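Asker: Protein chains in written order, with my numbering: chain A, 1 to 319; chain B, 1 to 336.
Source of the hints: derived by calculation from the structure; they are not laboratory data.
Since we're looking at a predicted model, the values are computed, not measured.
Quick reminder that beta carbons are idealized off the backbone N, C-alpha and C, glycines included.
Some clues are possibly wrong.
To be verified - Not everything, but these chain A residues come out facing chain B in the computed CB check (under 8 Å):
| hint | residue |
| --- | --- |
| 1 | S34 |
| 2 | S161 |
| 3 | S162 |
| 4 | T192 |
| 5 | K197 |
| 6 | E198 |
| 7 | V199 |
| 8 | A206 |
| 9 | G235 |
| 10 | G239 |
| 11 | D286 |
Chain by chain, the residues run as shown.
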Amino acid sequence: MTTKFLMTTAAALAISASAALAEGETVGFSQIGSESGWRAAETTLTRQQAEERGLQLQFADAQQKQENQIAAIRSFIAQGVDAILLAPVVATGWDSVLEEAKEAEIPVVLLDRQVDSADDLYLTAVGSNLVHEGEVAGEWLAGTVGDAECRIVELQGTTGSSPAIDRKTGFENAISGHDNLEIVRSQTGDFTRAQGKEVMESFLQAENGGKDICALYAHNDDMAVGAIQAIKEAGLKPGEDILIVSIDGVPDLFQAMAAGEANATVELTPNMAGPAFDALAAYWADGTEPAKFIQTESKLFTQADDPAGEYERRKGLGY
Amino acid sequence: MPLLKRLAPQLIALAALALLVTLVFPGFLNISVNDGRLVGPVIDVLKRVAPVALLATGMTLVIATRGIDLSVGTIMAICGAFAAWAIAGGWGLVPALLLALGAGALAGLWNGALVAVVGIQPFVATLILMTMGRGIAQLITEGRILTFTNPGFAFFGSGTFLGLPFPAWLWLATGIGAALLMRRTALGLLIEAIGINRRASALAGVNATVLLIAVYIASGLCAALAGIVVTADIRGADANNAGLWLELDAILAVVIGGNSLLGGRFSILASLLGALIIQTIDTGILLAGFPSEYNLVIKAGLVLVILILQSPRIAAEWRVWRDTRTAPQPAAGARP
Numbered sequence: 001m002t003t004k005f006l007m008t009t010a011a012a013l014a015i016s017a018s019a020a021l022a023e024g025e026t027v028g029f030s031q032i033g034s035e036s037g038w039r040a041a042e043t044t045l046t047r048q049q050a051e052e053r054g055l056q057l058q059f060a061d062a063q064q065k066q067e068n069q070i071a072a073i074r075s076f077i078a079q080g081v082d083a084i085l086l087a088p089v090v091a092t093g094w095d096s097v098l099e100e101a102k103e104a105e106i107p108v109v110l111l112d113r114q115v116d117s118a119d120d121l122y123l124t125a126v127g128s129n130l131v132h133e134g135e136v137a138g139e140w141l142a143g144t145v146g147d148a149e150c151r152i153v154e155l156q157g158t159t160g161s162s163p164a165i166d167r168k169t170g171f172e173n174a175i176s177g178h179d180n181l182e183i184v185r186s187q188t189g190d191f192t193r194a195q196g197k198e199v200m201e202s203f204l205q206a207e208n209g210g211k212d213i214c215a216l217y218a219h220n221d222d223m224a225v226g227a228i229q230a231i232k233e234a235g236l237k238p239g240e241d242i243l244i245v246s247i248d249g250v251p252d253l254f255q256a257m258a259a260g261e262a263n264a265t266v267e268l269t270p271n272m273a274g275p276a277f278d279a280l281a282a283y284w285a286d287g288t289e290p291a292k293f294i295q296t297e298s299k300l301f302t303q304a305d306d307p308a309g310e311y312e313r314r315k316g317l318g319y
Numbered sequence: 001m002p003l004l005k006r007l008a009p010q011l012i013a014l015a016a017l018a019l020l021v022t023l024v025f026p027g028f029l030n031i032s033v034n035d036g037r038l039v040g041p042v043i044d045v046l047k048r049v050a051p052v053a054l055l056a057t058g059m060t061l062v063i064a065t066r067g068i069d070l071s072v073g074t075i076m077a078i079c080g081a082f083a084a085w086a087i088a089g090g091w092g093l094v095p096a097l098l099l100a101l102g103a104g105a106l107a108g109l110w111n112g113a114l115v116a117v118v119g120i121q122p123f124v125a126t127l128i129l130m131t132m133g134r135g136i137a138q139l140i141t142e143g144r145i146l147t148f149t150n151p152g153f154a155f156f157g158s159g160t161f162l163g164l165p166f167p168a169w170l171w172l173a174t175g176i177g178a179a180l181l182m183r184r185t186a187l188g189l190l191i192e193a194i195g196i197n198r199r200a201s202a203l204a205g206v207n208a209t210v211l212l213i214a215v216y217i218a219s220g221l222c223a224a225l226a227g228i229v230v231t232a233d234i235r236g237a238d239a240n241n242a243g244l245w246l247e248l249d250a251i252l253a254v255v256i257g258g259n260s261l262l263g264g265r266f267s268i269l270a271s272l273l274g275a276l277i278i279q280t281i282d283t284g285i286l287l288a289g290f291p292s293e294y295n296l297v298i299k300a301g302l303v304l305v306i307l308i309l310q311s312p313r314i315a316a317e318w319r320v321w322r323d324t325r326t327a328p329q330p331a332a333g334a335r336p
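Only chain B is shown next, with the shape it has when bound in the complex (with noise of 0.2 Å):
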């Protein structure tokens, strides 16, 4: 199988780290069975995965045309924050939603207009909004948490359906619907053409403004559906924090997922591995009990060492260093 190939080593990585986390957490795998829903750390870490896993989806498509988002956690700050003035105004559930994805849509034809019409480079033009974005969420929250309660909303960030927290469903059906779409269609193929060269596919015939334009506003999206569960989650819209530092998280999710910067081939089930792998070190550094002081260190290390063993070069060397210790024995013996 292709697939299961492609994927092999983001799931050995995945499944050696839960292994590490087990040894210094033994319970970590045990799943229990609490009012209906289950219960354990794998679940926590399927729940608290879901911004970084949505933003990864989006992130994915666009480092495939070979461009990059840095605003992602910026409109998860503006979404949530319309979303929640929209609860506290009164608006109700559906029309609130729709706003905080229509912010994220607005965003993101903002970002895919400066990138394919105005042809900036994609890491300014999404840095524009990633530095300015936050105070558009400020204004609207006029500088405040801006709470809220609505067990409709809040269902978003902690409800439980057929046993798994929503935001597990939410970002399961989002990447595996994204990658259905993009491989049951020509448009996966499509997009890896722009982002392999921009200008041959165009004259190809492949419309790549407008499907530049559509892979950011999918982008924003994405991160407002991570900005309606972070917001849902602790009922209020905190404009200051909301998917702070995420869009480096949801990068390093892609990179982990094998996806290569420079555009072309990709996988968003691959990045979804990566986003969980991040999640399972994450909360594994919380479980194990380190003084807080380690946690990025130890972060930093496991992901330096998940990113070597996928290196191409390290694959090569580690090729060679094999073929060289196996081959003298048949030539030795062969010799007359």
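Next comes chain A alone, as it looks inside the complex (with noise of 0.2 Å):
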């Protein structure tokens, strides 16, 4: 009898333990750094969406530095947290300490960057297709001037790099059905308002004063910001003389399209920590294995989507 009402408590015990845990359950973030706005705002969203799900979130910054990101990790698992979050620095050399992870059965999700494991090593990565970010951006262009023609110069990102790559490929994909559009003039700008702005001088002396420029399709915002000063100081109108395009969704963007001086922008969604939370919460509800590859939304938004509105709900956000 003795032993029978002992097993009830522990069982009970553990029940109550189990329900307590889906209550405030602890998710360990190991985030690269604050390189860009952009990482920023994804930090204050990981925090917010965290705080929302009643999750208990310890932050680590890795100040660009892979040994400080496995050390979070390695001190993360000694925690014993209930999942791991980790923004990789760099895509080589997490096995080892993926494999502790798996050992303490403690499932890991990359957020925004991958990394060159086996992908049994952690649950998911929730990322944005860059390649399906430079598409959307080229189908709105197409969609835009229909069949006028129009000669586009394009401001790339760091030669080289995959957001470059990618994006540019995706743009080409986009427009390569529609022979009135025409990439005539693709130099890098280094993701880089100076360099945005330097580069956009010379594509506006190049072609006839800007006169015989329809579009700009920028990699990221901030080159298209530089650009923008670069064609009023010309003389020309952004948005009306050349249709402006670029990508990030960062909130001086939105001010340009508020003030009618850019025209479209395809958000790079600093959220990664929802789907992440989502796929967390189904693995420890019931052991659903998420898909290896969660794809953001890439969501476009142009001078009638509430510009205004969209940068006050950002500013606020660290970028």
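Using the hints, put the two chains back together into the complex; each one sits in its own frame.
Answerer: Dropping the structure here:
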């Protein structure tokens, strides 16, 4: 009888313990650092999402160093967290620490970047499809200009970087069926405002003071913001004389759209944690294994989508 | 004219480059007037060269003392961040400029003290600020691009004065002003003396320590001006990217200007021409419309050719070759 009593108490305790866990699971988050405004926004949104779901978030800033991330993950494992979010700074060198997490039966979710490890070492990866982002931008432009002739200039990201290569490929895919659309000049602006402005100035000089340019496609919003200034200083109206489409969805571009100086942006959402937490909730509840890659939505915003309101919603996120 | 003779290699290289760019982009030398301001690729070169030309002015002086200042790109980011922070905080234009220049002077004082008083080698002393300083700028901007709207401050980057972009006036005034100050007073001579032999110059009565610190402060001030120009240009302080690797372009400008990295004789005007040569290459590449993968290869190739043509050893070989070709004829005729 005593044994039976003990067993029921133990079972009751176990049930209450698991119920308590469902309320406040602990998730460790190893963030790369704060290299850009976008990443700061990702950190802010991850904290917000965790709070909304009643999760305990352990945050570790790696200051752009892989060894800091590995140390953070080991410390999460030692604390016995319920899941680990990892935004990996580089693609290689994660095998051993991911195996340690697997042995401890702690699911790992990768955020916005991939790793070169076997895919059974992590639960899933949440990220954007960079080629798709370029396609959304290209489709918007093709739909907007219709059958009119359009000479496009392109501001590329850092030469050789995967966002630059993929966003270029996607855009070219989208416009390939339209003979009236042609990329006439394409140069790297290194993802920065200053370079975007300088390169746009040379495009304007080379294309008859900008009169021969119908649209600008920039691989990120910062270069577009720099280019908008160059177009204004050349005496043209950005957004009217030259259509402007770019990718990322940072607050300053929404401000430019609200002022009518930019036309469209494809959002790279900083809310990677939301889909990650959803997948984790399903996994904790009944062990559902999510797909190995969860693609976030690449949403298109135009001047019709309340850019002033979108700016207000984003400006406090730390961009 | 000795000045023209000193500047001849740089002037010839610049003219040859302008010709080369015109061949691939025929409208390079076209200048038109639009709303009372000059417009054209050459005007863009004069405007875009401003940061490197300003840095090269200070760098020439530092290199003349047998030093080097690797921190100027970082100082640009720090000063730009301070200026944008002050403008965004409603301090007004003049206090913001003074704060930026003060930060530049302080950074120069730090470098100068490490070099002249503590005796750390300039390469190492300025490397400290180069690698750590960007963190200071990021602390000020909190890691984002700190934007502002202030037409007065934006004028320093994109304003027009008497038809020319304001940054062009700024680097011309700074560069020529510094050159006159060096050559119309004994300052230039004293700096050269330190560069050739600091101990000997100190024994001859030159206050080498103070002069060295002053030279690094001058370099810091030039970097502050460059930082103000780039920050005003994009109306925002980008701590991660402002002035990134520009110290290397500034050193290259000084070298293309024919100044020795071992110190001594220097010419600020030649360094300014060196900066113009680099910017003409950069702008030319953009106008020519090559794929961006070729940018750096083309730049490296052209710089290499210019430096080889300037090499004293090549010049000596050329003189020998020319003399041996022309010499035998009178010698043959003189033979009995």
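Asker: Against each hint, give a clear statement of whether it holds in the structure.
Answerer: Here is what the structure says about each hint:
1. S34: holds (4 Å)
2. S161: Cβ of S161 of chain A sits 11 Å from chain B, so the hint is violated.
3. S162: violated (15 Å)
4. T192: Hint holds; T192 of chain A Cβ to chain B Cβ min 4 Å, cut 8 Å.
5. K197: Holds. Min distance 6 Å.
6. E198: holds (6 Å)
7. V199: holds (6 Å)
8. A206: It holds, given that the least Cβ distance between A206 of chain A and chain B is near 5 Å, below 8 Å.
9. G235: holds (6 Å)
10. G239: Nearest chain B Cβ about 17 Å off; hint violated.
11. D286: Violated. Min distance 40 Å.
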